[in-house]
Amino acid sequence: AESVALMASDKKMCYNLADQNFNLLKALYKSPDVEDTVKLRALVGMSKMCASSGGDVNKNIIAEGAGARLHKQARHFLLRNPTDEVRMWVIEALAYLTIDAEVKQDLVMDQAQMKIICDFSDDRPLHQLLPLLHLHEYDQQLR
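First residue of the sequence shown? That's 1 in the numbering used here, and the numbers climb one at a time after it.
To be clear, the hints were calculated from the coordinates, so they are not data collected in a lab. Note that the coordinates shown come from a computational prediction; the quantities given were computed from them, not determined experimentally. Backbone N, C-alpha and C define an ideal beta-carbon position, used for all residues, glycine too. Incorrect hints may have been included.
[To be verified] Label pairs and their calculated CB-CB ranges:
no.: 1; residue 1: 110; residue 2: 85; range: 15 to 25 Å
no.: 2; residue 1: 79; residue 2: 102; range: 18 to 28 Å
no.: 3; residue 1: 20; residue 2: 108; range: 29 to 39 Å
Between the sequences and the hints, there should be enough to build the whole structure, so can you do that?
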């Protein structure tokens, strides 16, 4: 799952991977025999694939609403087991998922989730949270 998620960082590879391997990541995620750390990394890979269209509806490679469903799964991980490793992976997934305005709004309105993320930021360099903070701050400036 880690190598597939890593390859998903390249946009061109991501389109190919989504066509061929999204179902593989999904199967890894849903498998009862796979450890949570692998499931979480598969979730990050699916999040990257979900965001690969960059908001262009014509280039969506994943079904509409998939980002919101992935966000719910990430939230579940975060609230169930808020260890540093889990928070790090969930924040990476959210950096991609919050490209979707609905996901971003749900995240900002979720006090429990935001508290865990902000508590994590007290112990970590700010650059790990910049994608989330930047997107939210940018939206506030537009209003």
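Status of each hint after checking the structure:
{"no.": "1", "hint": "110 with 85: 15 to 25 Å", "in the structure": "holds, 21 Å"}
{"no.": "2", "hint": "79 with 102: 18 to 28 Å", "in the structure": "holds, 19 Å"}
{"no.": "3", "hint": "20 with 108: 29 to 39 Å", "in the structure": "holds, 34 Å"}
Taken one by one, the earlier hints all hold for this structure without exception.
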